[in-house]
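Colleague: Let chain H serve as the given structure and place chain D on it in line with the hints.
There are 2 protein chains.
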Amino acid sequence: MLIVQKYGGTSVGSIDKLRHVAKRALATQQAGNDVAVVVSAMSGETNRLLALSSQFRENVDDREVDVIVSTGEQVTAGLLSLAIREAGGDAKSFLGHQVKILTDSAHAKARIQSIDAAPLKGCFDQGKIAVIAGFQGQDSEGSITTLGRGGSDTTGVAIAAALGADHCEIYTDVEGIFTADPRIVPDARKIPRISYEEMLDLASLGAKVLQLRAVEFGMNYHVPIHVRSTFSDAEGTWVTDIEEDMEQVVVSGIAAVRDEAKVTVRHVPDSPGSAYRLFQSLSDAGIVVDMIIQSQSLDGHTDMSFTVSHLDHKRCIEVLTTSCPDLTDSGKALASDTPVAKLSVVGVGMRSHSGVAGKMFRILSEAGINLQMISTSEIKISVIIKEELVDDAIRALHKGFGLHLPVTAS
Amino acid sequence: MLIVQKYGGTSVGSIDKLRHVAKRALATQQAGNDVAVVVSAMSGETNRLLALSSQFRENVDDREVDVIVSTGEQVTAGLLSLAIREAGGDAKSFLGHQVKILTDSAHAKARIQSIDAAPLKGCFDQGKIAVIAGFQGQDSEGSITTLGRGGSDTTGVAIAAALGADHCEIYTDVEGIFTADPRIVPDARKIPRISYEEMLDLASLGAKVLQLRAVEFGMNYHVPIHVRSTFSDAEGTWVTDIEEDMEQVVVSGIAAVRDEAKVTVRHVPDSPGSAYRLFQSLSDAGIVVDMIIQSQSLDGHTDMSFTVSHLDHKRCIEVLTTSCPDLTDSGKALASDTPVAKLSVVGVGMRSHSGVAGKMFRILSEAGINLQMISTSEIKISVIIKEELVDDAIRALHKGFGLHLPVTAS
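Taken in order, these protein sequences are the chains called H and D. If you count the first sequence from 1, you need to add 883 to reach my numbering. If you count the second sequence from 1, you need to add 883 to reach my numbering.
In isolation and in its complexed conformation, chain H is listed as follows (with noise of 0.2 Å):
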């Protein structure tokens, strides 16, 4: 087989560390495969870097910074490089220029456009492992640019749809994916197989251990990536296709994202291009909105609802109020609440089964919390509530759901 294994910072973080993750490539490629690994900077450093050049420049978005934030990777390439020499095997590291990880300009959060695997093929040729510089890549000007955090990711699943590999092993410090954050749901269980919509939509669930942009370029590429521990040998969760058994369960987890703030903007005239105004001006202030919903339309008005990060809600309300002033009735016509949080309850399986929503409901009515807006997609329902109530949801919504039962076909 073809393995790609990408090490996470705090995976490659000592000498220690890097000693291991060699014995562990190395025992990959003696079981019969060739290897390529992708490695993060060692834990620390890509924030020790930006502490420097923050001296200078706030920004990241910013060719210089790239330059200097890249060496964070370029360092654990070489000393692993030097980790699996030490373990009796060979091995040869790469930048992002001499794999030729083309990428746009947008410095601090290039997108991948292609890669040259050829030199990597020649290193499994010569019986080495491949060691390649994660969250890297060049421009077509020859510039150094960088993916944006997790970018490793990333590159390993990248590196893996050009090599054509069987499967991206993502090593990180926790087991998997789990149905629900296991701090809060102690008995959470790994989730063993999930689909790459599922994933995307656990986004904070799963997005502490694998990068989304890693999964679209999985689910593009249809690369299988296998999410596991550095410190185990335990299988961890496979993020695949969707695949027939996958169907039969209709929730795979729950995920929530906390801090936000709802914002209403009522008896907003419902005719083309309000909605526009209002998403442009939030959009140009560099606000990220999450949520919309809009309420059925009454004498050609209507309320818009949606959710912003709380530490964006005052400055939203002053944009909204001076940017649409006719729009927001010069402010008075805006109402908030924060903090909330959203929460959400995802599965493929929902997409053949009904009722799930009304479960849903039901169980968060039986513990006494209110629904403040909800949103639902095809294999998703969002809710957003108070945001202290947000725990005992969580909870409630896992054991309703029987996540924490043994999965077994039904």
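Worth flagging that the hints you see were computed from the coordinates, not collected in a lab. Errors might be hidden in some of the hints.
Same chains, same label: a pair holds when it works inside one copy or across any pair of copies.
Here are the computed lysine to aspartate or glutamate pairs in the DMTMM-like style, where the Cα-Cα straight-line distance is at most 25 Å [as the list claims (entries may be wrong)]: (1) Lys983 <-> Asp1022; (2) Lys1011 <-> Asp945; (3) Lys983 <-> Asp999; (4) Lys1011 <-> Glu941; (5) Lys983 <-> Asp1049; (6) Lys900 <-> Asp945; (7) Lys1197 <-> Asp1142; (8) Lys1011 <-> Asp1022; (9) Lys906 <-> Glu941; (10) Lys983 <-> Asp973; (11) Lys1004 <-> Asp1022; (12) Lys983 <-> Asp945; (13) Lys983 <-> Glu1024; (14) Lys1282 <-> Glu1270; (15) Lys1011 <-> Asp987; (16) Lys1004 <-> Asp945; (17) Lys1004 <-> Glu969; (18) Lys1011 <-> Asp944; (19) Lys992 <-> Glu969.
Modeller: The following block gives chain D in isolation, referenced to the frame of chain H:
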């Protein structure tokens, strides 16, 4: 003018110092010049990176060690570019591969073969200062290489040669090259102008401030080098082609190399191959031989004396005893004295002035210093003396040749 400035590790060793360097480079540009700046790693950084890689590998002549240590200069290049922008200018950083600094593949001690100056000229055309990571290049396979300790000096002079720059300024923490070590001779003078050849012969005086290969590069491509202090506006020392008035200064400076060992092989057959075998065996053992002297042949035999580092003395004796038992009578023909010091008087004026050697020997004799070996070249006279006498000898010669006096055209 087109000026290349190179700043060493202590000159860019902190955020404040980077700000100072940024202002200095910007002022040079604002005076109407195109400016390329070559930077070293922040002081201490290269040692930190070498300590990391030495956890896995002792040797530094390794592809992956170069991947690791080259990040030091990369970070400085990015930071200085940001600092120049912060100061109101504009700048762009370049790594070895982005200026196509092509080298051979001798990792940790690569030699520059060619440079593509076009990207730098494009940078000047946009009104930007070009900031180049020193010390690094890439070989024909696209692997990162480094040039060895002090290699950023060589990068600076090589970039100046490739650009056809008017001169290369080497910024350091001392004011220039002195007639002798000021810690030993308090009234040592700064040398205003010195030839490349003298600079090479004054190695031990200059090696701490200017890498010898940079001097060779300057000599071959006729790049005037101005060694000066980052923290002062005073003129430093110009290292240039020989000019008419230089010939009038008979002795330019006095240098000493301490901690050497003198080894003599007595009664060596004066036949082809004897010297070859002795010195090849030392070379194979990685022992560097400095001065070599062969006395007159007598009865088809000769005595051969040479110096090695005091640290290599014991091993040198072992190697010669075991590798050439016939030539050294299994070691019995070996005699040695350690530690000794090599004392050199250097000056291009010697070529046209006779009697310098005689005067040197008289001064040392009057100071009661015995000479163990003597070696002369066109512009240098070197003697080996007891280590403990070297400070007295330097002071006697410095005074005897009038180096403490102001330079006047004679």
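Colleague: Work down the list of hints and note, for each, if the structure agrees.
Modeller: Outcome of the hint check:
1. Lys983 <-> Asp1022: both (9 Å within a copy, 17 Å between copies)
2. Lys1011 <-> Asp945: between (35 Å within a copy, 16 Å between copies)
3. Lys983 <-> Asp999: both (5 Å within a copy, 20 Å between copies)
4. Lys1011 <-> Glu941: between (41 Å within a copy, 21 Å between copies)
5. Lys983 <-> Asp1049: within (22 Å within a copy, 36 Å between copies)
6. Lys900 <-> Asp945: So Lys900 and Asp945 pass the 25 Å test across copies only (22 Å; inside, 32 Å).
7. Lys1197 <-> Asp1142: The answer is within: 13 Å in one copy meets 25 Å, while 71 Å across copies does not.
8. Lys1011 <-> Asp1022: between (28 Å within a copy, 20 Å between copies)
9. Lys906 <-> Glu941: between (40 Å within a copy, 20 Å between copies)
10. Lys983 <-> Asp973: within (22 Å within a copy, 28 Å between copies)
11. Lys1004 <-> Asp1022: both (23 Å within a copy, 20 Å between copies)
12. Lys983 <-> Asp945: both (20 Å within a copy, 23 Å between copies)
13. Lys983 <-> Glu1024: both (12 Å within a copy, 14 Å between copies)
14. Lys1282 <-> Glu1270: within (20 Å within a copy, 84 Å between copies)
15. Lys1011 <-> Asp987: between (30 Å within a copy, 23 Å between copies)
16. Lys1004 <-> Asp945: Between copies only: 22 Å across chains, 33 Å inside a chain, cut-off 25 Å.
17. Lys1004 <-> Glu969: within (23 Å within a copy, 44 Å between copies)
18. Lys1011 <-> Asp944: between (35 Å within a copy, 19 Å between copies)
19. Lys992 <-> Glu969: between (35 Å within a copy, 23 Å between copies)
In this structure, none of the earlier numbered hints is contradicted; all agree with it.
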